[in-house]
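Trainee: For the record, the sequence lines run as chains X and U. Read in full-length UniProt numbering, the first sequence has 153 at position 153, and its numbers run on one by one without any break. Read in full-length UniProt numbering, the second sequence has 5 at position 5, and its numbers run on one by one without any break.
Rather than coming from a laboratory, the hints here were simulated on the basis of the structure. Any given hint might turn out to be false.
Stated by the list, open to error - Far from chain X, by Cβ distances over 12 Å, these chain U residues were calculated:
1) GLY178
2) ALA218
3) VAL332
4) SER347
5) ALA377
6) ASP378
7) TYR426
8) PHE484
9) GLU508
10) GLN511
What the hints assert, rightly or not - Calculated pairs, SDA-like style, for lysine to any residue (alpha carbon to alpha carbon, straight line, at most 25 Å):
11) U:LYS104 to X:LEU353
12) U:LYS424 to U:THR395
13) U:LYS104 to X:ASP354
Stated by the list, open to error - Which residues of chain U face chain X? A partial, calculated answer using Cβ under 10 Å:
14) GLY98
15) VAL110
16) ARG226
17) ASP263
18) ASP285
19) PRO304
20) GLU322
The beta-carbon is built from N, C-alpha and C at its ideal position, and this holds for glycine as well.
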Amino acid sequence: MKRRLSIGLAVVLLAAVVAVVVWGRSDDAEGGAQGELTTVRGVIGSEKLAFFSDRRVVDAFAEHGLKVEVDTAGSRQLATSVDLGRYAFAFPSSSPAAQRIQRDRKTTAAHTPFQSPMAVATFEPIVELLEAAGVVTKGAGDYQVLDVAKYLELTKAGTRWDQLPGNTAYPARKNILVTTTNPAESNSAAMYLSIVSFVANGNTVVATPEQEATVLPDVARLFRDQGYTQNSTEGPFEDYLAAGMGKTPLALIYESQYLDRVLRADGSIRADMRLLYLAPTVYSKHTLVPLSDQGDQVGRLLSTDPELTKLAATFGFRTSDPRVFADVVGDKAPADLVDAVEPPSFETLERLLDAVAP
Amino acid sequence: MRTAFVLAAVLVVAGCTGEAGPDPAQPAGPAEPGVLRVLAGSELTDLQPVLDEAAKATGVEVKFTFTGTLEGAEALAKGEVDGKYDAVWFSSNRYPAGIPEAAKRLGNQVKIMSSPVVLGLSASSAQRLGWADRRVGWGEIAEQAGRKAFSYGMTDPSASNSGFSALVGVASALAGAGNAVDAGQIAAVTPRLKSFFAAQSLSAGSSGWLSEAYLRRATGHDPGARVDGLINYESVLLSLNASKDLPEPLTLVYPDDGVVTADYPLTLLADSGDDARDAHQRLTDHLRTPDVQRKIMETTHRRPVVPGVDLDSRFTVRDLVELPFPAARDSVDALLSAYFNEIRRPSRTLYVLDTSGSMAGDRIASLRSALVGLTGADDTLTGRFRRFRSREEVTMLPFNTEPGTPRTFTLPEGDPSAQLAEIKAYAEGLVEGGGTAIYDSLSRAYEVMEPLVAADPDRFTSIVLMTDGENANGTGLPEFQASFGSVPASVRQVPVFTVLFGEGSSAELGQVATMTGGRVFDARSAALGQVFQEIRGYQ
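Excised from the complex, chain X in its bound form (with noise of 0.2 Å):
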């Protein structure tokens, strides 16, 4: 795939030496001539981009005889705006955004090959604040989490941080706010929307108008107060990497984005950063719909290779089978989580994103 990307490009291609030894497949990489490859083209939403750009992506694909190329796109736009006449997968990240895809294409063919629950990157003394106030608790499962409820309890008073007691860590005048991207375009802010959506409706999922109109002005708030958004995940999070607590208290990002940069141990994870999952949380299922026979052979490979689901592991992804993420990722994450709820419908989902849009 040309030199589409070269971040950490020392690092990769020291790691793709180890990868083929380890992996012993240096004798099948001779038989195929880069000249021979099929180039097959993609639109995908942007937190995987980093995955197909990596060497050893591109040689488990190039021993398939395949080369992948990928444009990204937030979830929504990939669903909604972009002409995907010219690609041969889509591959957004939720499900809501596939059955979007499969509906207009008129296709019931997906993969699913791997998942990653919504979580918030912050920082240590962040913490020490919201579980003084209460928001941040030991959840049911081993691991911390940032309680929903007592978030939107927050929210709803329009409490700023210099507001909360005690607080000499982080008095800014500014109000407490997980930091989402754009609504009316990307995935991570409707998973987001599932998620407060869900609480504000009594721990229901929301399935009704009526419903919707109920839990409307306290998820809308959320939303509206952040003023501009961003339009892709990788925006707040690169802002929490790289411009620290005071820009980015909250950043709403997958589990996978965090636990890519703790595995990759490129030091962009320091001391102070932490991240807490959602209770309740939703599983962003990125889904990869073919729209011809070689999309498909992209997803069958990405969900039933051994390197492939071995490496989307190394990215920090939940694989269809959980050992195959447990090996790799070891400690560094919880198992499992415990307290996943569902999206709401694709519909309903959009007729709230539309709402809540500025």
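Assemble chain U onto chain X, guided by the hints.
Mentor: Same frame as chain X, now just chain U:
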């Protein structure tokens, strides 16, 4: 590519933003592999050395055409970028993102670097105010500004993103609600914003000219009064310090309640082809490698956006609270509208207008329509914020063989439409004939202005001098220069913005602009109306 860039830069300096290049249909040339045609903010000129190296490393050349933030957003919304550019690169996408027709044309956005908008004060002013060693908030800054404890310069929020960001930042911080400001909060916070902007003594249509004017005044090269500080990007303020040209360095004041930060997303247009996508990907990958990020930090004083590149010691405050930026265009427009019509110090402008015989035909028609455009006839996004505003004072002084009769229009608070109609009728009644007495008329302008300034000194005051020919009657430039010292001090510091039109002498008008602390604008290759709008940013 180099040639195109230099051409674009020259045109910007000459005051002809937007339509740079010989072919208006393809201002940045046709699409070609390995070339990214980018509509950009002019402050990106300082990135050229980095882009030259990037071209060697990636094979991707950047062809810039420069324009302002609002003009850029408008061009996107109207589809004027379609097929002409591959990408846009402004200090932020916040404004176009609020306009649906513009937002839908934004494709893949990749942040390249960042810089917060902060206050830079001369070291002695910062000491005097007690802000050198202590963090302060926008509230305290506004309070001292209201007392005129210091003065500052800022760009026009409708022309330049630094002024726009500062306005939004101050409004958000003073509203103090902790969320993105809306129209209702803006009304409530207007009195405090008035305090804050009472201390603004210098306005500019571009961030670069603002820095130059500050420097010239600080070093006594301009007749204008010294200014204590500047609101601008951290990178611009650090560059001024690094240049060592200032008599005393600027102390950067980072308001502790937050800032608005530019993040420079290099943004592919949604309809761009494969070659452009590939070029965008290669270039952005390269610009975000740690070494290039470090180089950007060192050469442009902007902050890196990727993890793993540590800020060096020039960035004294590292962790900055980011103020929420209103997403709804209504809120932003309400804020801009309040700023121009209620908040900022009102302006006083005297237009010295050539109506000599050589203006016959298209030229006098252009002049009429340029002035009429400022009375509300231009309903474009930029036109709406550049028209004559409530509380403004406008004097017209037409001339030919000798100066004509001046006429002053004072626009009231609130609805100015009756006065705007009078200005429009006046402009439509301008007729040509006779000779060209440029310097007698300019001298007359100072006489006309002196009692106006004496009666009401607290205005942004400037003179616009437009001529289409060489001086043919009365005193010449040398006599004018010789007598300039005897112009009363209250009006000698008024900048003269000169407009080259027709056969106007660029050398002479350049000297007038320089000696008065103004600037030359070139209307020979751009529409006069567009140039008059651009000058509004300096008034």
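Trainee: Name the hints, by number, that the structure is in violation of.
Mentor: Hint check: 1, 3 and 16 fail, others pass.
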